[in-house]
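**Q** Spelled out from the first residue to the last, the chains are:
There are 6 protein chains.
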Amino acid sequence: MSNFTHFNEEGRAKMVDVSAKPDTVRTAIAHSSIVVNPVVYDQIRHNQNKKGDVLAVAQVAGIMAAKKTWEIIPMCHPIPLKGIDISFEWDVKDETYELLISVSVKTKGSTGVEMEALTAASVTALTIYDMCKAVDKGMKIGQTYLIEKTGGVSSPDYRREG
Amino acid sequence: MSNFTHFNEEGRAKMVDVSAKPDTVRTAIAHSSIVVNPVVYDQIRHNQNKKGDVLAVAQVAGIMAAKKTWEIIPMCHPIPLKGIDISFEWDVKDETYELLISVSVKTKGSTGVEMEALTAASVTALTIYDMCKAVDKGMKIGQTYLIEKTGGVSSPDYRREG
Amino acid sequence: MSNFTHFNEEGRAKMVDVSAKPDTVRTAIAHSSIVVNPVVYDQIRHNQNKKGDVLAVAQVAGIMAAKKTWEIIPMCHPIPLKGIDISFEWDVKDETYELLISVSVKTKGSTGVEMEALTAASVTALTIYDMCKAVDKGMKIGQTYLIEKTGGVSSPDYRREG
Amino acid sequence: MSNFTHFNEEGRAKMVDVSAKPDTVRTAIAHSSIVVNPVVYDQIRHNQNKKGDVLAVAQVAGIMAAKKTWEIIPMCHPIPLKGIDISFEWDVKDETYELLISVSVKTKGSTGVEMEALTAASVTALTIYDMCKAVDKGMKIGQTYLIEKTGGVSSPDYRREG
Amino acid sequence: MSNFTHFNEEGRAKMVDVSAKPDTVRTAIAHSSIVVNPVVYDQIRHNQNKKGDVLAVAQVAGIMAAKKTWEIIPMCHPIPLKGIDISFEWDVKDETYELLISVSVKTKGSTGVEMEALTAASVTALTIYDMCKAVDKGMKIGQTYLIEKTGGVSSPDYRREG
Amino acid sequence: MSNFTHFNEEGRAKMVDVSAKPDTVRTAIAHSSIVVNPVVYDQIRHNQNKKGDVLAVAQVAGIMAAKKTWEIIPMCHPIPLKGIDISFEWDVKDETYELLISVSVKTKGSTGVEMEALTAASVTALTIYDMCKAVDKGMKIGQTYLIEKTGGVSSPDYRREG
Numbered sequence: 001m002s003n004f005t006h007f008n009e010e011g012r013a014k015m016v017d018v019s020a021k022p023d024t025v026r027t028a029i030a031h032s033s034i035v036v037n038p039v040v041y042d043q044i045r046h047n048q049n050k051k052g053d054v055l056a057v058a059q060v061a062g063i064m065a066a067k068k069t070w071e072i073i074p075m076c077h078p079i080p081l082k083g084i085d086i087s088f089e090w091d092v093k094d095e096t097y098e099l100l101i102s103v104s105v106k107t108k109g110s111t112g113v114e115m116e117a118l119t120a121a122s123v124t125a126l127t128i129y130d131m132c133k134a135v136d137k138g139m140k141i142g143q144t145y146l147i148e149k150t151g152g153v154s155s156p157d158y159r160r161e162g
Numbered sequence: 001m002s003n004f005t006h007f008n009e010e011g012r013a014k015m016v017d018v019s020a021k022p023d024t025v026r027t028a029i030a031h032s033s034i035v036v037n038p039v040v041y042d043q044i045r046h047n048q049n050k051k052g053d054v055l056a057v058a059q060v061a062g063i064m065a066a067k068k069t070w071e072i073i074p075m076c077h078p079i080p081l082k083g084i085d086i087s088f089e090w091d092v093k094d095e096t097y098e099l100l101i102s103v104s105v106k107t108k109g110s111t112g113v114e115m116e117a118l119t120a121a122s123v124t125a126l127t128i129y130d131m132c133k134a135v136d137k138g139m140k141i142g143q144t145y146l147i148e149k150t151g152g153v154s155s156p157d158y159r160r161e162g
Numbered sequence: 001m002s003n004f005t006h007f008n009e010e011g012r013a014k015m016v017d018v019s020a021k022p023d024t025v026r027t028a029i030a031h032s033s034i035v036v037n038p039v040v041y042d043q044i045r046h047n048q049n050k051k052g053d054v055l056a057v058a059q060v061a062g063i064m065a066a067k068k069t070w071e072i073i074p075m076c077h078p079i080p081l082k083g084i085d086i087s088f089e090w091d092v093k094d095e096t097y098e099l100l101i102s103v104s105v106k107t108k109g110s111t112g113v114e115m116e117a118l119t120a121a122s123v124t125a126l127t128i129y130d131m132c133k134a135v136d137k138g139m140k141i142g143q144t145y146l147i148e149k150t151g152g153v154s155s156p157d158y159r160r161e162g
Numbered sequence: 001m002s003n004f005t006h007f008n009e010e011g012r013a014k015m016v017d018v019s020a021k022p023d024t025v026r027t028a029i030a031h032s033s034i035v036v037n038p039v040v041y042d043q044i045r046h047n048q049n050k051k052g053d054v055l056a057v058a059q060v061a062g063i064m065a066a067k068k069t070w071e072i073i074p075m076c077h078p079i080p081l082k083g084i085d086i087s088f089e090w091d092v093k094d095e096t097y098e099l100l101i102s103v104s105v106k107t108k109g110s111t112g113v114e115m116e117a118l119t120a121a122s123v124t125a126l127t128i129y130d131m132c133k134a135v136d137k138g139m140k141i142g143q144t145y146l147i148e149k150t151g152g153v154s155s156p157d158y159r160r161e162g
Numbered sequence: 001m002s003n004f005t006h007f008n009e010e011g012r013a014k015m016v017d018v019s020a021k022p023d024t025v026r027t028a029i030a031h032s033s034i035v036v037n038p039v040v041y042d043q044i045r046h047n048q049n050k051k052g053d054v055l056a057v058a059q060v061a062g063i064m065a066a067k068k069t070w071e072i073i074p075m076c077h078p079i080p081l082k083g084i085d086i087s088f089e090w091d092v093k094d095e096t097y098e099l100l101i102s103v104s105v106k107t108k109g110s111t112g113v114e115m116e117a118l119t120a121a122s123v124t125a126l127t128i129y130d131m132c133k134a135v136d137k138g139m140k141i142g143q144t145y146l147i148e149k150t151g152g153v154s155s156p157d158y159r160r161e162g
Numbered sequence: 001m002s003n004f005t006h007f008n009e010e011g012r013a014k015m016v017d018v019s020a021k022p023d024t025v026r027t028a029i030a031h032s033s034i035v036v037n038p039v040v041y042d043q044i045r046h047n048q049n050k051k052g053d054v055l056a057v058a059q060v061a062g063i064m065a066a067k068k069t070w071e072i073i074p075m076c077h078p079i080p081l082k083g084i085d086i087s088f089e090w091d092v093k094d095e096t097y098e099l100l101i102s103v104s105v106k107t108k109g110s111t112g113v114e115m116e117a118l119t120a121a122s123v124t125a126l127t128i129y130d131m132c133k134a135v136d137k138g139m140k141i142g143q144t145y146l147i148e149k150t151g152g153v154s155s156p157d158y159r160r161e162g
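Protein chains in written order, with UniProt numbering: chain X, 1 to 162; chain P, 1 to 162; chain B, 1 to 162; chain V, 1 to 162; chain D, 1 to 162; chain F, 1 to 162.
Hints listed in this document are in silico derivations from the structure and should not be mistaken for laboratory results.
It is possible that some hints are incorrect.
No copy labels: a pair is met if it fits in one copy or bridges any two.
Calculated cross-link-like contacts (lysine-lysine; reagent style PhoX-like; alpha-carbon spacing at most 25 Å) [said to hold, decoys possible]:
(1) K50 with K21
(2) K14 with K108
(3) K50 with K133
(4) K137 with K93
(5) K68 with K50
(6) K50 with K14
(7) K14 with K137
(8) K133 with K108
(9) K21 with K108
Please model the entire structure based on the sequences and the hints provided.
**A** Right under this line is the structure:
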């Protein structure tokens, strides 16, 4: 006699069904940062790192990671990204050198692209870390979070308040 | 003088042209299984495998593999999967412990998703094998096949008969 | 006041530490199969499938999958494979056409290669399925299992009995 | 006091925004080639290379590379390829043995597919090189270029002149 | 007449040569975290997230990302990881719910594994974000940094102070 | 009665066994090039391409492709690359603008790295093509070949003659 045991569905992972959602233009902007020491700050600004142009490499890494987000984050849906832009800004105060990273992602698809923007921001910061770790062993990647999200059908646009 | 030799097309691989097929909602359900010994059966049920929660890891592996099917199976077209769900059921009889694996995949695209469901089912079974192979060297992955397929334009829906 | 909650380790996934294991030559042989209808049997034998030479494509797919096993199976260690060989054999009896798949894998590394052999066997079968599914909707991938494993340091060689 | 330094945008990499472009059927044909010695020429024609059927393996490699172009070329947009076909032709003259490679790619998407065709052509040639390098150490991959491109919305169709 | 222009090497990216470094056992521990709202806190603790067991999925994602670090971070050397372990701890105070993430990585190779530990920590946090973003739109991934690094030949062991 | 049909081995692909080969330091240098029009020549030299710094992006792409060669070329063995360096040089004569690409790869492993150097050279050229194709539709990637190879155990060092 056969004895079947059905599992309780609770807690088991699934990639939720989004087949009913229409394709709309969607954007997301994410933020990350990295705090470095003055030597790294100078190297990056004067392009003297011996592994190469730190920000150029980091930007390529971030763009490539955005496209691969669905391979890296298990429950993310594959989305055909239409545009990716990564920009940098230095925030220097009180002997603290922080490089701010801003990633903007655009698609025309059925899910939001906040994970793509966040993943690109993280990988951009990680790549800067990798390029500079021989010079500064104490770097910290700063907070990583969503700044803005538009184009969702079921949810209103999101903008982080002040 | 130049001497051109044209090849006979026969037998050369190609990814067949599906650009004329419209995007429709399509589903597929595939089945696989794995036969384990009583020790593995107990470990899985009581979550005592030293590598981790066997079924949770296998489910993540299966979902990720479904999304990468077009990278693994050479002539498969890339398809934007919209939903993936993997469930388990034990079939215990006559001292045989068989874990049944069922994978359901959904897309809105121009080709069927049976390969995605079958690949996910196989990888789910392989992952269970990997997690448990230190305890049971005689496991066998059972038959892997399509249960159901819907949404094709040129072909009728398919359901495996009892 | 801060309130820390430590997790019970039980059930959480890890890739177990094998850094103490020496690199030795290791081999594994895995088996899979696929049952097809007579039309597919003839197409494969006479190389008349319109997607290409079925077994040639399947062999390439299996070899490439073996190398990527650590990307597909979550807790597998990355291993530098040194050799992969895939062979086929038809078993025809009583109107049943079964293509037997045998995969042999070799490495010089710190873990066994049974998962690499099994993954390659599964992907080889899945690729045959994909190449032939337009002609036969009722194919079944047969049992997939380990035939032989040698070279482990802590465990004796394994050979499946009759 | 905080001191922000804005970067000049010039020279920083981005994946340009194509979200406003409609999906249309697009095709591209690319050309590459490889010059080999007479021993390789004979091996390929009589299928006697010890690593396998050279052209069959190269064709699978080219098709798989076309699908992965957006992972290999950093600023390429991910595109759902709909069809890929690779053909070969020998050009033998004056003791020179040149294998001509032609790759045709089709999509229904918002960008052209010339990079997919060119990447597939290069990888096809590289794979032939790999299969034959034990026999001929002096092979050269020939020029690689676009032959034809159709379906762009903003740009006219392209055909290389004589 | 031909006119060659040599480039100044400065600023061009390279993967630096480590072929002279011996293989030694190396470890790294990295830290990240994510701040969530009370609803997410409860969902995770009672395993009630509708996408699945949040921490189980995140752990698998982190382990798989560690192995792929060299594919994600451009100038990282490929390293055969020997062990990966990810653990969690809640820090709850003053209405703030922060999940602390600790990743430990081990290899026997010629470079350190801090990038592997940091990448795994980031991806673990990103995956938690993805699983919970439907419930909490204001999550922030906390600082990500190296805690400890051992086994380097040319550089002393590193431990972050206080 | 069962009827087994053994296949002739001839022509079937395999990844040849290199487990008996010792790990030695090995290097390879490969060459490729791309011919562009004067507008592209000026854009690259003055870093005015709107997609970004062409050579910086191409260098990152080439380095990442070298590491993934075993995933792209089916019968290539996975090798842990130890160093990669890509350099450029302009050859301008008679209104022809040709960018020369030189890739140097180093490993400590059991097979040569000529495929890694050649693949990196091709992908570097393809990336330049992609960055500049909006401006010049007639670019051609030049010949791609091996310049030098050292460190093989069974085969003597190779250097291409003038």
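**Q** If a hint holds in the structure, say so; if it does not, say that too.
**A** Against the structure, the hints come out as follows:
1. K50 with K21: Between copies only: 18 Å across chains, 48 Å inside a chain, cut-off 25 Å.
2. K14 with K108: both (23 Å within a copy, 18 Å between copies)
3. K50 with K133: within (11 Å within a copy, 31 Å between copies)
4. K137 with K93: Within one copy, since 20 Å is at most 25 Å while 30 Å is not.
5. K68 with K50: Answer is between: at 23 Å across copies they meet the 25 Å cutoff, but 28 Å inside does not.
6. K50 with K14: between (44 Å within a copy, 8 Å between copies)
7. K14 with K137: For K14 and K137, only the inter-copy Cα distance (20 Å) is at most 25 Å; the intra-copy one is 39 Å.
8. K133 with K108: between (37 Å within a copy, 20 Å between copies)
9. K21 with K108: both (12 Å within a copy, 10 Å between copies)
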